[in-house]
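S.K.: Protein sequence lines correspond, in order, to chains A and B.
Per the working numbering, the first sequence starts with residue 1, numbered consecutively.
Per the working numbering, the second sequence starts with residue 346, numbered consecutively.
I should point out that these hints are in silico values taken from the structure, not numbers from a laboratory.
Note that the structure is predicted; figures quoted are calculated from it, not measured.
Yeah, the Cβ is synthetic: ideal placement off N, Cα and C, and Gly gets one too.
Hints are supplied without guarantee of correctness; some may be wrong.
Capping the alpha-carbon separation at 30 Å, the derived lysine-lysine pairs in DSBU-like fashion look like this [as the list claims (entries may be wrong)]:
1. B:Lys372 with A:Lys146
2. A:Lys154 with B:Lys372
3. A:Lys151 with B:Lys383
4. B:Lys372 with A:Lys173
5. B:Lys372 with A:Lys143
6. B:Lys449 with B:Lys462
7. B:Lys383 with A:Lys146
Anything over 12 Å on all C-beta distances counts as not near chain A; from chain B, calculated [said to hold, decoys possible]:
8. Ser381
9. Thr407
10. Arg412
11. Leu484
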Amino acid sequence: MSDISNLFKKFSLVLTALLYIAFSTPSFASEAEGESTEFNASEVILHHVMDDHVWHLWDGHYGTIHLPIIVYSSERGLDLFSSSNFYDEHHNVVEYNGYNLEHNHIYLSGSGEQVFDLSITKNVAMLLINATVLLLVFLSVAKGFKNNAGKAPKGVQSFFEPIIVFVRDEIVKPNIGHHYEKYLPYLLTLFFFILFGNLLGLLPGAANLTGNIAVTLTLAVLTFIITNVSGNKGYWSHIFWTPGVPLPLRIVILPVEIIGIFTKPFSLTVRLFVAITAGHIVLLSLISLAFIFQSVTVGFVSSLIVLFINLIELLVAGIQAYVFTLFSSLYIGMATEDHGHHDGH
Amino acid sequence: MELLTPGTGLIIWQLIVFIALFFLLSKLAWKPIINSLKERETSIQEALDTAEKARAEMAKLTSDNERLLKEARVERDKILKEAREASNRMKDEAQSDAKKTADKIVEDARAAINIEKQAALREVKEQVALFSIEIAERLMKKNLAADKAQKDLVEGYIKDLKLN
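With the sequences and hints as input, model every part of the structure.
M.R.: Written as structure tokens, this is what we have:
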């Protein structure tokens with residue numbers, strides 16, 4: 001133990017020294033470089049965090065993947081073309097075939113009306129990659145179970161088996177109760193979708209899929225639908241006519257309970273979105289420091305911190321998948337709970 | 346703000362892909378995985394139960410063996426005791442029989458001796474009577490003159506009698 005704490009002390013000492021050097025010499029660095037190109041950190045970060053019609057990996061000719069665009073408008077009908085059509089050879093946005101691309105939204109050039117955008121954006125591509133990885137991994141796990149039936153688990157199977165058992169025994173079973181098996185496939189899919197999405201999103205160049213509010217909203221709405229569809233009499237009577245509470249209070253509680261139905265998916269949506277997006281913003285901000293200060297020293301120090309934050313992000317990836325699944329199970333469990341023994345309180 | 350507005354296109358894609366993923370994984374992955382997990386758990390539980398039962402049976406068998414051994418020992422002791430008693434009884438019986446037989450023999454012998462004695466006495470008496478008659482006869486025949494001579498004669502005869 002003392003060895004580790006000693007190491008940490010030394011490490012933090014070195015880090016502080018480097019930080020001191022780094023922040024005491026910015027004027028020198030920027031003077032040396034001049035002010036030819038303005039680096040806009042917030043623009044870069046938001047660009048990385050948000051959805052896009054192209055997948056920009058690095059600068060240069062082959063660094064950008066032009067994704068297909070699928071649009072629908074009542075005027076023009078369904079249209080499919082490559083997003084490369086929106087860019088000329090100097091990477092400037094141009095009009096194509098009567099469509100305009102402005103801030104990632106596609107408008108009709110004539111009427112200026114926004115079209116219904118079903119494009120394979122960066123996040124949709126990431127979504128498909130995520131789904132493919134999930135299918136490949138878990139089909140191989142299932143194959144492992146089939147091949148090693150009655151034997152000890154092997155390979156990928158032995159890696160994922162404890163996680164599946166953890167989700168079943170620690171998240172789903174205690175929160176839903178004896179009829180948990182009906183909801184287990186959904187919650188397992190949810191858990192691994194978020195976990196893989198979080199982890200894949202940490203890869204360099206990857207899209208911020210699980211940190212996109214559209215994705216988290218969809219997942220939360222699915223949980224919301226399942227919760228309220230499987231809600232039993234006890235659940236609804238708790239909301240509309242809370243038992244064991246004086247009559248005047250019941251009237252006060254009613255709107256609170258109804259708001260409560262909707263705050264649950266809202267909190268699910270925002271929690272995952274914020275946790276993952278914030279992590280990405282922190283990582284990108286730290287990396288941006290090097291470009292803001294135009295200093296190798298800052299780059300070195302911020303890389304060390306980025307490494308550390310990245311480890312935390314790995315932790316967050318697991319925690320957020322766990323929390324989302326946990327709360328989903330909890331809500332479903334609350335809605336399907338047996339209220340037979342409820343007269344006491 | 347752009348970041349906080351969910352894109353409709355992405356929502357639709359997410360819905361389609363996630364639901365498709367859910368059905369595919371449920372059918373092809375979760376169902377076999379959960380079933381095999383459950384199967385394995387029940388088989389492990391069964392194996393543990395069987396082992397527990399076997400152990401209990403072993404313990405029961407051992408205690409049974411001990412009980413049997415104890416019973417056998419008690420039985421053996423009982424048999425030995427009975428045998429000893431029987432042999433003692435037989436010995437006693439033999440002894441008493443022998444004694445009875447011996448007593449009877451002695452009794453018989455005594456009875457025989459008595460009979461013999463009676464017979465002998467009767468003979469002696471008869472003999473004495475004969476002798477007396479003979480002496481009386483001779484006395485009469487000699488015409489005894491003197492008492493002295495008579496007396497001598499009787500004494501002489503008594504002497505003879507003694508010699509006999």
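S.K.: Now tell me, hint by hint, if it's right for this structure.
M.R.: Here is how each hint holds up against the structure:
About 14 Å separates the Cα atoms of B:Lys372 and A:Lys146, which keeps this hinted pair within 30 Å; it holds. For the hint pairing A:Lys154 with B:Lys372, the CA-to-CA distance comes to about 22 Å; that is within 30 Å, so the pair holds. Between A:Lys151 and B:Lys383, the direct Cα distance comes to roughly 13 Å. Compliance with the 30 Å bound is thereby established for this hinted pair. In summary, the hint linking B:Lys372 to A:Lys173 is supported, as the alpha carbons are separated by about 20 Å, within the 30 Å threshold.
With a C-alpha separation of about 13 Å, the suggested pairing of B:Lys372 with A:Lys143 holds against the 30 Å cut-off. Of the pairs offered as hints, the one joining B:Lys449 and B:Lys462 holds, with about 19 Å between alpha carbons and a cut-off of 30 Å not exceeded. The straight-line distance between the Cα atoms of B:Lys383 and A:Lys146 is roughly 13 Å, inside the 30 Å bound, and the hint therefore holds. Here B:Ser381 does not stay apart from chain A, with its beta-carbon only about 4 Å from theirs, under the 12 Å limit.
Against the 12 Å criterion, B:Thr407 stays outside the reach of chain A, whose nearest CB is about 33 Å from its own CB. Once the 12 Å rule is applied to beta carbons, B:Arg412 is consistent with being away from chain A; the minimum gap is 40 Å. In this structure B:Leu484 is separated from chain A by more than 12 Å, as the shortest Cβ-Cβ distance comes to about 143 Å.
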